[in-house]
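Asks: Sequence:
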Amino acid sequence: MSARPEVVVDRDSPVPLYFQVAQQLEQAIESGRIPPGTRLDNEIALAEELGLSRPTMRRAIQYLVDKGMLSRRRGVGTHVAHTRVRRPVGLTSLYDDLSGAGQRPGTIVLRNTVGVASADVAEALEVADGTAVVMLERLRSARGEPLALLRNYLPAGLVRLRTEALERHGLYELLRAAGVGMAAARQSIGARRATAAEARLLDEPRGAPLLTMRRTTFDDRGVVVEYGDHLYRASRYSFELALTNR
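For the sequence shown, the working numbering assigns the number 23 to the initial residue and increments by one for each residue that follows.
No wet-lab data here; the hints were simulated from the structure.
Every residue gets a Cβ at the ideal spot worked out from N, C-alpha and C, and that includes glycine.
Hints are supplied without guarantee of correctness; some may be wrong.
If you anchor each label on the Cβ, the simulated ranges turn out as follows [as the list claims (entries may be wrong)]:
#1 V37 with S140: 56 to 64 Å
#2 A67 with L132: 40 to 48 Å
#3 V37 with V98: 28 to 36 Å
#4 V138 with R208: 17 to 25 Å
#5 G179 with L132: 18 to 26 Å
#6 G97 with S121: 36 to 44 Å
Let the sequences and hints guide you as you build the complete structure.
Replies: Laid out in structure tokens, this is it:
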């Protein structure tokens with residue numbers, strides 16, 4: 023699929039022409055008017071259509087290539103890159119963050135059962151080995167594309183979570199609605215390769231790099247209310263952290 027985007031330039035504006043073009047293309051990409059994978063007409067055709075010089079058009083395209091919004095390969099052309107989800111690290115759910123960013127989150131619930139906690143899960147939840155816990159496994163998508171595999175564990179009896187509700191809402195939203203307060207969390211971020219099963223679910227090749235995130239969440243009494251063990255596609259997702267000088 024190719025596209026010839028509608029761009030209007032104001033030659034009387036103090037804003038450089040290349041930047042006007044880049045901004046309008048960026049808005050079209052972010053709004054979905056030009057979807058990922060779309061091939062743009064070549065620079066010569068675009069420059070002629072807009073009445074711009076080829077160097078101006080090339081600079082606008084390169085600006086978006088540098089931002090990761092376009093990809094350009096010899097013999098293939100210029101295509102709209104798949105958007106990476108950039109998520110600030112905070113005590114929020116992925117569903118809420120995607121909704122706030124206009125990424126149209128979707129959820130497939132793969133498991134919603136009560137079972138016996140493994141030693142690792144029991145340690146994270148600060149319960150005895152063999153304790154009954156709620157086990158959730160969900161495949162989260164953004165704009166219809168698989169993004170993350172989420173495994174969460176909660177103390178049994180803390181809250182009743184219906185599968186239909188998990189498909190329409192984020193876990194933290196459901197916990198808050200049930201009166202469960204979340205005051206703080208301990209989180210670690212890492213990376214590993216995808217197994218064959220994980221790769222199939224996330225639409226990645228076997229062995230593809232995945233980001234990992236493990237989070238233990240506490241209420242205002244210091245009691246553990248949730249433990250998450252999540253996997254994210256490194257090709258589509260990144261974490262952002264704000265650093266300050268003490």
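Asks: Hint by hint, note whether the structure agrees.
Replies: Each hint, compared with the structure:
Distance hint check: the CB atoms of V37 and S140 are about 58 Å apart, consistent with the given range 56 to 64 Å. A C-beta distance of roughly 46 Å is found between A67 and L132, which places it inside the suggested range of 40 to 48 Å. Under the hint 28 to 36 Å, the C-beta atoms of V37 and V98, about 31 Å apart, fit the expected range. Remark: the range hint 17 to 25 Å for V138 to R208 is upheld by a beta-carbon distance near 24 Å.
At roughly 22 Å, the beta-carbon separation of G179 and L132 lies within the given 18 to 26 Å, and the hint holds. Between G97 and S121 the CB atoms are about 39 Å apart, so this pair conforms to the stated range of 36 to 44 Å.
Consistency note: the structure conflicts with none of the earlier hints.
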